[in-house]
Amino acid sequence: MTIQYSPFLRQPLRIVDLMRQVLLALLPGIAVFTWFVGLALIVQILLASVVALLAEALLLRLRGKPLWPHLTDGSALVTAWLVALAFPPLSPWWLTTTGVLLAIVIAKQLYGGLGQNPFNPAMVAFTGCIVAFPAQMAHWPTLGLAAPFADQLDIIFGFVPPLDAFTGATPLSIIKTSGGSGLYTNIQDILIQQNLSGVFAGKGWEWVTTAYLVGGLWLLYRRVITWQAPLAFLGSMALLSFCFWLFDPAHYADPVFQLFSGGAMLGAFFIVTDPVSGCATPRGKLIFGCGAGVLAYLIRVFGAFPDGVGFAVLIMNVCAPLIDRHTQPPVFGAKKGDAGE
Amino acid sequence: MSLKDFFFPSGGLHLPAHKAISSETPILSAPLPEKLVIPLSQSAGEAARPVVAVGDRVLKGQRIGEAEASLSVSAHASTSGKVVDIGLYPSAHPSGLATQAVVIVPDGEERWIDKTPIPWQSLSPDRVRRALQAAGVAGLGGAVFPTHAKLPDTEVTTLVINGAECEPYITCDDRLMRERAAEILEGVGILRDLLAARTVLVGIEDNKPEAITAMCAANAAADLPFQIVAVPSRYPTGDARQLIHALTGIRIPATRRSVSLGFQVFNVATAFTVARAVLHGEPVTARVVTLTGHLSRPGNRECLIGTPVRNLIAQAEPEGTLESVVMGGPMMGFALPSLDVPIVKASNCLIARLPETSPATLPEMPCIRCGACARACPQGLQPFELYRWSRAREFGQVERYQLASCIECGCCAYVCPAQIPLVQYFRFARGEIRSRAEEAKVAEGARARFEFRQFREARDKAEKAEKLARAAAAQAAKVALEAELKAVDPEVDASKKALIAAALERARQSREEHAPAAGESA
Numbered sequence: 091m092t093i094q095y096s097p098f099l100r101q102p103l104r105i106v107d108l109m110r111q112v113l114l115a116l117l118p119g120i121a122v123f124t125w126f127v128g129l130a131l132i133v134q135i136l137l138a139s140v141v142a143l144l145a146e147a148l149l150l151r152l153r154g155k156p157l158w159p160h161l162t163d164g165s166a167l168v169t170a171w172l173v174a175l176a177f178p179p180l181s182p183w184w185l186t187t188t189g190v191l192l193a194i195v196i197a198k199q200l201y202g203g204l205g206q207n208p209f210n211p212a213m214v215a216f217t218g219c220i221v222a223f224p225a226q227m228a229h230w231p232t233l234g235l236a237a238p239f240a241d242q243l244d245i246i247f248g249f250v251p252p253l254d255a256f257t258g259a260t261p262l263s264i265i266k267t268s269g270g271s272g273l274y275t276n277i278q279d280i281l282i283q284q285n286l287s288g289v290f291a292g293k294g295w296e297w298v299t300t301a302y303l304v305g306g307l308w309l310l311y312r313r314v315i316t317w318q319a320p321l322a323f324l325g326s327m328a329l330l331s332f333c334f335w336l337f338d339p340a341h342y343a344d345p346v347f348q349l350f351s352g353g354a355m356l357g358a359f360f361i362v363t364d365p366v367s368g369c370a371t372p373r374g375k376l377i378f379g380c381g382a383g384v385l386a387y388l389i390r391v392f393g394a395f396p397d398g399v400g401f402a403v404l405i406m407n408v409c410a411p412l413i414d415r416h417t418q419p420p421v422f423g424a425k426k427g428d429a430g431e
Numbered sequence: 014m015s016l017k018d019f020f021f022p023s024g025g026l027h028l029p030a031h032k033a034i035s036s037e038t039p040i041l042s043a044p045l046p047e048k049l050v051i052p053l054s055q056s057a058g059e060a061a062r063p064v065v066a067v068g069d070r071v072l073k074g075q076r077i078g079e080a081e082a083s084l085s086v087s088a089h090a091s092t093s094g095k096v097v098d099i100g101l102y103p104s105a106h107p108s109g110l111a112t113q114a115v116v117i118v119p120d121g122e123e124r125w126i127d128k129t130p131i132p133w134q135s136l137s138p139d140r141v142r143r144a145l146q147a148a149g150v151a152g153l154g155g156a157v158f159p160t161h162a163k164l165p166d167t168e169v170t171t172l173v174i175n176g177a178e179c180e181p182y183i184t185c186d187d188r189l190m191r192e193r194a195a196e197i198l199e200g201v202g203i204l205r206d207l208l209a210a211r212t213v214l215v216g217i218e219d220n221k222p223e224a225i226t227a228m229c230a231a232n233a234a235a236d237l238p239f240q241i242v243a244v245p246s247r248y249p250t251g252d253a254r255q256l257i258h259a260l261t262g263i264r265i266p267a268t269r270r271s272v273s274l275g276f277q278v279f280n281v282a283t284a285f286t287v288a289r290a291v292l293h294g295e296p297v298t299a300r301v302v303t304l305t306g307h308l309s310r311p312g313n314r315e316c317l318i319g320t321p322v323r324n325l326i327a328q329a330e331p332e333g334t335l336e337s338v339v340m341g342g343p344m345m346g347f348a349l350p351s352l353d354v355p356i357v358k359a360s361n362c363l364i365a366r367l368p369e370t371s372p373a374t375l376p377e378m379p380c381i382r383c384g385a386c387a388r389a390c391p392q393g394l395q396p397f398e399l400y401r402w403s404r405a406r407e408f409g410q411v412e413r414y415q416l417a418s419c420i421e422c423g424c425c426a427y428v429c430p431a432q433i434p435l436v437q438y439f440r441f442a443r444g445e446i447r448s449r450a451e452e453a454k455v456a457e458g459a460r461a462r463f464e465f466r467q468f469r470e471a472r473d474k475a476e477k478a479e480k481l482a483r484a485a486a487a488q489a490a491k492v493a494l495e496a497e498l499k500a501v502d503p504e505v506d507a508s509k510k511a512l513i514a515a516a517l518e519r520a521r522q523s524r525e526e527h528a529p530a531a532g533e534s535a
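The listed protein sequences correspond, in order, to chains A and B.
All letters in the first sequence, in the order written, are residues 91 to 431 by our numbering.
All letters in the second sequence, in the order written, are residues 14 to 535 by our numbering.
Isolated chain B, as found in the complex (with noise of 0.2 Å):
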């Protein structure tokens, strides 16, 4: 603790790492299980359209997804075998929401298709974006944005790629920093050519030395101007605003896009998809996962996308009956309603607990605005007064409190005194504001839609009472003028008339004259 931390906090915590659970040994293949399921949804988007039916024979990296939204990425065959079931099963997600997934039985070959790179240089920078999507690049930090969605047209001048891992337990961008680096810079070296970046800036937190000295020796190795910058251990330093202001001292607000500053940010593992696919025409079919917590036998494996995570923590041998596994790091992830999803591209550790060692679940004491979380907030917010306001349902009050700028980092909720589970206040409360703005979105609409029906009601009705109106006086208008007519003298009245016959006789002949020559044309 140094003593401007002692003076002005400015955030973050210094948690036990638990990383050597895992660290030391090298990645290692998952075995191939005996079904996989890969859910057709694989991003931050919407899911994939499946483009294969049962019974199809697939193979590695076989397209049998293809995304249609924008933000959607196309989804492949881990493996090569066959399709035998296209429904829904629970996915990785805190509620165990079941999502449609295609699930392939191996056939243990493990053939590939025939892989094409990306002839990334030559393409038009839409072509290159499209081929991404189509090899299911997303974003393997955790949040799974799609990475060709992060390749704008807008002037990027630094490229940012995140190793800092800064979450407890996990190790799987370690490991992969020191096993792969040379592979990871060149995806790196991908993203800072689509991207026209001048600056590239490779953050990692100091607690990996080996990781650190991996990445510099293949940036010298290959002669790459990226720069290897060891970063504070703090959790959280991995997220993307945070390790910008951690590279650069500068800090961008939650209500500006990193983008909209020149910064784009990728996770390390994310670059080395990126230089996979591009450079040898391999979707992604695996990531590595960190294995750790209370197993015999702890590490890193290269799992398939779709493999179960039951399979991996049996295999990892759990040193006793498991109390729940943690998807995620032990700071935002979640337990798993079951072992039976999927291991999916946000799936970067699994943490197998045992209910001995597990914090026990402490009564929710009332708040006595210790502080402690505003100390501890990386983004500068009063946690106490968005829990105090997000209690009491004073949502314009939870805003005003910036609940916009909370990244769930769960900083406050490790500190708290009260044991208050504050991220969880503060997911209702975004809960509750987005649907009420939807609710008022909706409501404005019908609003808008009545206020356009009484106006149309108005509007025609007024159209009918001067069309009532017009025809009255012209009715009137003629009454009025047989009236003059019979008034007036009868002498003038027998003249007028021969005038009207006269008028009559002469538009009857006209009529006659014309009638034959109208036939001929008709």
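If we strip away everything but chain A, and leave its shape as in the complex, we get (with noise of 0.2 Å):
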């Protein structure tokens, strides 16, 4: 059957290609954090699609949905390698499990399935995981310290605890934890003392961040994100990081450090570019952008958690479809403030 319909042209570009081109951009940061952690990221991300692609079978099914053309979107694949890249990479099995079931089952498929989600689903995970269990998601690896795949295999799908010889704090939880406790005077100190200093921010982390942004820029290029959110989001950051450092710059990481660390460069390209759970319209992206920027600083430096992007989106996320009903756009012809309300 071919198209009846005007317009009898299409752009040959599918959601499919589109969620193809989010997973290629993700390629540069999973080889460079592979090369600091070892297969056990591979693994994750093999484990994650696995039971997300499982996960959405079963709920299309049971939602009536045929398969074709909806698994196999890309949509649970992007998701699944953002869980699988934002948890831990010895994570226990479970732990990823939980997170992409928590993802797809019911951040997705219960709300509607693509494009109906309010949630980002990758963040639903991290968030729910973080709050549930707070003890295994903070075993991060210390990068360039990659045990034994052997070991890692243990760890991952043998209920063996990872040895501590294999874990450590992040550079962004050292700061959090060490920060007030009058042992060291300044951050940069605790970073050199613990090893998890690096060139221009932590040690390891900023180069898979590097990488996250390469891949980011790539998408800009092929127009499959728009500048305005991560923009808003890096540079609100930025803008803030940079007034309490130079307030307290014992105290309080630099713009760099804070830009290039934790879930920073992951969140401002491939999480509050999600077009599903974000704002549409131009002026909402950069509002919501910011506003996931200043927020995830908050958190980050203040709240309870090491990292705040994943709570940042959230919260964000509820005020997207606000949001993007005050700033619609002026159409052709109208002058500003005619369009919308």
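You can take every hint at face value.
Not close to chain A: a few residues of chain B, all C-beta gaps over 10 Å, as computed: (1) I40; (2) A60; (3) V67; (4) A243; (5) E295; (6) A359; (7) E457; (8) R460; (9) E464; (10) K474; (11) A475; (12) E479; (13) E526.
Below, in silico cross-link-like pairs of lysine to any residue (SDA-like), each with a Cα-Cα straight-line distance of 25 Å or less: (14) A/K425 - B/I420; (15) A/K155 - B/Q437; (16) B/K454 - B/F468; (17) A/K425 - B/R388; (18) A/K425 - B/H258; (19) B/K17 - A/R373; (20) A/K425 - B/P266.
Stretch by stretch, here's where chain B covers chain A in the computed footprint (C-beta under 8 Å, at least three residues): (21) 96-107; (22) 199-206; (23) 419-425.
I should point out that these hints are in silico values taken from the structure, not numbers from a laboratory.
Think of the CB as a built atom: it goes at the ideal place given N, C-alpha and C, for glycine as much as any other residue.
Hey, can you piece these two chains together into the complex? The hints should help.
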């Protein structure tokens, strides 16, 4: 059956092509991350992918939707990969599985599937699990100190707790926990002391996040995402952290460190750019990104968790429809403010 | 892609043009078909009333249908021959709806009526308008809006001539400008004078350099003051408001008519027919049609109005068994339900499609609000919101998101990665909004009638009650008076009776005196 109604020309770009490009853009980050933590990350990505596809297929069946084209639209894989990248690579299998199920079943399919979820599924998984399993979610490997693959498999699948030798604090968690302890006078000292200081940000992490940035810029270039939300997110976070850093450089990390640590880069290009749960109007995206950036920084620095991107995004997700409603661009020929309200 | 486009996309698309298929060969005359089916509906307005009968011999250019409504134009015989039928025939419409048409079997002689040019410079504007209406002049850009209805008495400062031809595949205006620039500009001059426009801008997309050169040369040769402007090739610049914006930077909202801001837009092909009608006395009997797509002999043909599409396609030799033929451009045209429909004034292009090369219909996916449609929308709309509310049948919200500004150009549907037929949703919503408005109007009328009836009934009741009350009061008064009379002293009563008797006697005498006089006069 060919197209029977206008337009008879169509841009040959489908949702699955968009999703494929997002997955491709994640590859540099995955490669660098794997370089630092070993094949455990690949195992997690595969595990998450399989669980996501199975859960998606089951839920589609229960909802009476055909598997094709819905299972193969690539969206479940994007969610799975983002969950795998947001979770510690040495998470036990049940933790990753729980996260993926939270994302696919609760956050996505129960709300009506692709396009219907008010919250970013990967961030629902991350925040849900960090609240429910704070200890396991804190077992981050020390970057550059990868355990042998066999040991990693044992940790992931064998209920073997990870050895302390291979896990430790992340740059973000160390400055949070040791910050006001009086043990150190300055966060730079802490990072050096803990062997977490890199060239311009946290050791190892700086290169992983740079790789996310590269992938994100490629997505921008390919016009899969737009510039407003990432720029506003990174810009607001940089500005806020710059102010605090200027005020007290000993206790507040500099903007570069903040942007290249934790989930900032992944969040900027792969999370706040989620079209379904984010804002859709140009000005809305700026507000959304800005709000998420400010909240992420505040939670990261003053909240109970080492990183705040997940919570910040969920908070902004609930605001998105309202922001969109009030940021309608003027229609052709209308004066500013004529449109929308 | 410029940097500005990257950061602040202003809508519109740079589409693959596919124009070279048909643009490089001169306009040929299509052979005379064995019969012509000429619809009496020749414009956006109502159908003309047939003024010939079956069996009549007609001349080329002879009026066969007379325009009666203000927005309709007359229909003419496209060639000389014999009227063999007047009846319902499938029309060039997506539904294939049958409309009233006059069928003419050509005699092959192409004998014209006596052509009488319109002395437009000496006639009153109203007479010129009626002459154009009688000549069947309507917008050949595709909307077939009658030209006479676009020549108001109000002031028009800028006349815009649309040679943008922004849709892919179509090249009929391109060829017309290359080959008949001088006549087009003659028509432009007439329109300029009729409108008393100060400025004339001819907008042509820059992917038609030969057309621009030809128009500039004709403009210079005739020493005309028109400005021939190359506008960037970007779909849908051929939309009237989009073209005005491309030429002047002025954005006219959908809620205002261009003419109210001093702009009037005509297509180049329309200007050409104006020149033929006014200077040569030739009504519109033909138009140039682009034959393109998978044809061995593509190109532009000058076709008589009423030529069956089947003939044209057959003469252009399809490269295989066609899947369908699209009338109009690929962005806004429609697949013909049958090839047995005639070419009409709106038919600018026929695209022959093979099944193997046409894009397949992919399943409609959920909208992911990616916003590609909003970035592509030349009207600055948010099609994904319009879609969401149209689907939910929340037509109030659809109107709030300014569906009225949609020009149905199809840019949104072209880019949609979810393959949502957005334009069809918007047409559905438009139809619903229109029918609801009509229903509301009917309901309002019914309510008004009902309320008036209630009022009338109440009023009648009140009046009746008042009358009854008055009668009752009078009766009561009479009874009271009689009772009073009876009650008074008998003596007074007797004198009163005497008085009454005397009065009655006087009245009788008076009547008797006047009666004969009354009889005489009677």
